[in-house]
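Asks: What follows is the residue order along each chain.
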Amino acid sequence: MIHFERTKLANGLTVIVHQDKTTPMVALDVCYNVGSRDEHPDRTGFAHLFEHLMFGGSKHIPSYDEPLQKAGGDNNAFTSNDLTNYYLTLPKNNIETGFWLESDRMLELAFSKPSLEVQRNVVIEEFKQRYLNQPYGDVWPLLRQLAYKVHPYQWPTIGREISHIEQATMPQVKDFFFAHYAPDNAVLVVTGNVEFDQVLALAERWFSPILSRNVKPRNLPKEPEQTEIREQHVIREVPNDTIYLAYHMTDRLDPRYYATDLISDVLSNGNSSRMYQNLVQKEKLFTELDAYLSGDYEPGLFIVSGKPSNGISLETARKAIERELDRMKQEKVSEYELEKVKNKMEANIEYGEMNYLTKAMNLATNEILKDAGLINSQVDFYQSVTTEQIQEVSQYLFRPENCSILNYIAKK
Amino acid sequence: MLNRKIQPTVNPIEHIDRIQAEKRLLSNGIPVFFINAGSQDVVKIDFIFEAGTWFQSSNLIASLCNSMLEEGSRNFSAAEIAERFDFYGAYIQLMADQNYGFANVVSLGKHLPAILEVTEDMLKHSVFPEHELKVLIDKNKQKFLLENEKVRTLCQKKFTQVMFGEGHPYAITNKLEDFDQINREMLVQFYQEFYHSGNCRIIASGRIDESVLNLLESHFGGADWNRNILPVPDYFMSPAPQKYHRVEKLNGSQSAIRVGKMWVPKSHPDYISLSILVTILGGYFGSRLMANIREEKGYTYGIGSFVLSLKYASYLIISTEVGNGYVEPTQKEIGFEMKRLQTEPVSENELETLKSYLLGEFLRDFDGPFALAASFKAINDFDLDYSFYDRYLHTLRSITSEELMKLAQQYLNTEDCYTVVAGSVD
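For the protein sequence lines, the chains are A and B, in the order given. Residues in the first sequence are numbered consecutively from 6, following my numbering. Residues in the second sequence are numbered consecutively from 818, following my numbering.
It is worth saying that the hints were derived from the structure and are not from the lab. Glycine included, each C-beta is placed from N, C-alpha and C at the ideal position. A portion of the hints provided could be inaccurate.
Unchecked claim - Derived lysine-lysine pairs resembling BS3-like cross-links, with alpha carbons at most 25 Å apart:
(1) Lys1128/B - Lys1078/B
(2) Lys289/A - Lys992/B
(3) Lys1114/B - Lys64/A
(4) Lys417/A - Lys958/B
(5) Lys324/A - Lys287/A
(6) Lys992/B - Lys958/B
(7) Lys1149/B - Lys974/B
(8) Lys958/B - Lys416/A
(9) Lys289/A - Lys960/B
(10) Lys64/A - Lys822/B
(11) Lys287/A - Lys958/B
(12) Lys992/B - Lys1060/B
(13) Lys324/A - Lys951/B
(14) Lys967/B - Lys1060/B
(15) Lys289/A - Lys951/B
(16) Lys26/A - Lys927/B
(17) Lys347/A - Lys927/B
Said to hold, decoys possible - Pair by pair, the computed Cβ-Cβ distance ranges are:
(18) Arg241/A - Leu993/B: 13 to 23 Å
(19) Glu230/A - Glu1113/B: 46 to 56 Å
(20) Asp858/B - Glu113/A: 40 to 50 Å
(21) Ile836/B - Ala184/A: 43 to 53 Å
(22) Asn965/B - Gly316/A: 15 to 25 Å
(23) Pro176/A - Leu1210/B: 45 to 55 Å
(24) His948/B - Arg328/A: 19 to 29 Å
(25) Met1054/B - Ser339/A: 53 to 63 Å
Required output: the full structure, derived from the provided sequences and hints.
Replies: Right under this line is the structure:
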């Protein structure tokens, strides 16, 4: 259970505080409600490029990192399809430097030309390092493209292609900033060795002068229901064939989400899971086999990926996976199996509460989703899932017409 | 009026609360180092054996032996072991490095009795079933093939080979054929020789009370797994005569670069000052290499320098991946930044920034049970005690630009460095 207090400044900025006196540190997390789903289809990768530019100096502060380091701080950030999250940690007596830095870059960036030039290049190298120059690096972009025809989840956060990043211009950068970076489109979470009143006073001081920007609510096209199975074959220079099956699942707030998550655990979380025991250990059809959720806020993907053992065809591999998925549809899981995955979920939530920074990130991302309080109520949601629900959701998920298959074939 | 141009007052970090590990011996002599800290009912128990690649007679034995610990024991099949851990939401991380074999257990405190029961059987009575071994070898073969596609893996392997010579255990020389040479008997022999109480120490952190210590005594404190301790083998390094090496990997868009040299051990009087120097060079976001090669030139997504300290050798390593067209300019800039540390004193401002940053890092290193355990392990692995951290703090607070420049002149000569580039030639 994580106790927190929450308030909203007049300009729309939500402020959340969680006290943890076991640490001498504080964490400041500023999470903006903007991700790659908010990009124009011809300018993909922009939200992530923008994350890099947020470190290139703000209106009154030429360098972000140096003053933070002077205060003993450390920081990082990440961009997803749904949001962009910035976080820093500081010794508790230097907390104000965090407010100073984060409020100034929420107020306005420096929009420096050299920074744009360099960060474009850095992101292009990141594109190569993570995607182009890695075996299986293009799997995720291919799968998204196959599964989504309309919704912006069809491209990855790094962008659809390098040229989109190469062509980013300063006016576009400015537009993006003022359209999405605003107190009324963000959450500030402070955790660690702090007092609520102290945080509130600092937030008032540094953030309340920033004017609300009346950010428009997002209005994204809905992905139409998939009506027939989709299949793609690609040949790549990789050591092994691999198969990916992607099924459309619910959004993150749908009550069925919790059953969906537990289904992936029954199938593949840990060496005692069904797919590992049956298909990896007993039948030796795969050397690697996983089931996982894409983790998106809007309707996402339930993915099964597997590397067949030597001599096993992708066809045989797919049939074996479908056999396990069919079993989920035909029979209820045992009470024991369900208890096991629930226990594991509960333990993982407990492990996640050990660290003040993890707690800050979880509070922030849940607040962007809907409500920071979800991190406390989720335990009960998971606990209340029944074996019947697991079966029902499996029947809804694992329909052939709901599936996109990527056959990733090793060039011989 | 709010002045946004001026940084709020920065307060120096004066007090650093450092909880130290306490030591207790089990009846059979296994040292247990424990740190009772943290807010949650979580316990981490690391079993550390002198069973790294240093002790293996051929490639893969140490790591496969270690991985097989969860594949079946006298009283539990592989499936039952997995079932036990998963049911209680606990984890065991098995891993072997150059010197040690690890079995690190994380569990909720309330489930520790059930978890240690099975852990005891795994560590004392592993049975190495053939079927599971075959599955594991096939799995690792595929992983090996995948890793070998990556320029950073190819580069790191070659780098360790030229630094240590191929016969040395710190050189990574795994080949695909090695997987076919492994048999069950080799692993069983290694297990009997190196996984026993005389070769083990335990680091426990989290909510550790007497009941946890009693559990450790009852499961691991007996004489039933005492065996002879074998002498530690000696190896000699035979570094390559030429300093520059390439590894071909066609059709890639990036190349991996490693530049480095042998370094002083952790016990050396210059080690701490040098670790500060290496941080300036490439050990944090504001470092020279990051500022120049990423933030000014945009050649790479990331570049860093660090010291890899192993039990019997340490080396400095600068590592990055860059677009193929940036390989030469990057090498040039690395050399330039090393030279600059030898010829220009670090400015007052940069040194102050670095000191504050490292003090903040120091605070993080002693914050929370797992961080405390890691900081303890970092000295205990090298038979050092907590005075190492006293010296670290003292050095960090007092070191001057002149001292750093002298150290750079002594230790950062580019002509002493090996360079390995893996990727396509343009």
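Asks: If a hint holds in the structure, say so; if it doesn't, say that too.
Replies: Here is how each hint holds up against the structure:
1. Between Lys1128/B and Lys1078/B the alpha-carbon distance is near 16 Å, which keeps this suggested pair within the 25 Å criterion.
2. With a CA separation close to 23 Å, the supplied pair Lys289/A and Lys992/B stays within the 25 Å bound.
3. For the suggested pair Lys1114/B and Lys64/A, the alpha carbons sit about 23 Å apart, so the restraint of at most 25 Å is met.
4. The straight-line distance between the Cα atoms of Lys417/A and Lys958/B is roughly 17 Å, inside the 25 Å bound, and the hint therefore holds.
5. Only pairs whose Cα atoms come within 25 Å are accepted, and Lys324/A paired with Lys287/A is accepted, the gap being roughly 16 Å.
6. With a C-alpha separation of about 10 Å, the suggested pair Lys992/B and Lys958/B falls inside the 25 Å cut-off, and the hint holds.
7. Distance restraint check for Lys1149/B and Lys974/B: the Cα-Cα separation of roughly 23 Å lies within the 25 Å cut-off, and the hinted pair is therefore satisfied.
8. For the given pair, Lys958/B sits about 18 Å from Lys416/A by alpha-carbon distance, which is consistent with the 25 Å threshold.
9. Proximity of Lys289/A to Lys960/B is assessed by CA-CA distance (about 16 Å); at most 25 Å being required, the pair is judged to hold.
10. A hinted pair counts as satisfied when its Cα atoms are at most 25 Å apart, and Lys64/A with Lys822/B qualifies at roughly 9 Å.
11. A C-alpha spacing of about 18 Å is found between Lys287/A and Lys958/B, which places the hinted pair at or below 25 Å, so the restraint holds.
12. Distance hint between Lys992/B and Lys1060/B is fulfilled; the C-alpha atoms sit about 24 Å from each other, no more than 25 Å.
13. Only pairs whose Cα atoms come within 25 Å are accepted, and Lys324/A paired with Lys951/B is accepted, the gap being roughly 23 Å.
14. For the given pair, Lys967/B sits about 22 Å from Lys1060/B by alpha-carbon distance, which is consistent with the 25 Å threshold.
15. With a CA separation close to 9 Å, the supplied pair Lys289/A and Lys951/B stays within the 25 Å bound.
16. At roughly 24 Å between alpha-carbon atoms, Lys26/A and Lys927/B fall within 25 Å of each other, so this suggested pair holds.
17. Proximity of Lys347/A to Lys927/B is assessed by CA-CA distance (about 16 Å); at most 25 Å being required, the pair is judged to hold.
18. Remark: the range hint 13 to 23 Å for Arg241/A to Leu993/B is upheld by a beta-carbon distance near 20 Å.
19. Roughly 50 Å separates the CB atoms of Glu230/A and Glu1113/B, a value that falls within the hinted 46 to 56 Å.
20. Hint check: Asp858/B to Glu113/A, Cβ distance near 46 Å, so the stated range 40 to 50 Å holds.
21. Separation of Ile836/B from Ala184/A is about 48 Å and conforms to the stated range, judged on CB atoms against 43 to 53 Å.
22. A C-beta distance of roughly 20 Å is found between Asn965/B and Gly316/A, which places it inside the suggested range of 15 to 25 Å.
23. Look at Pro176/A against Leu1210/B: about 50 Å separates their beta carbons, and that is inside 45 to 55 Å.
24. Between His948/B and Arg328/A the C-beta distance comes to about 21 Å, which sits within the given range of 19 to 29 Å.
25. Between Met1054/B and Ser339/A the CB atoms are about 57 Å apart, so this pair conforms to the stated range of 53 to 63 Å.
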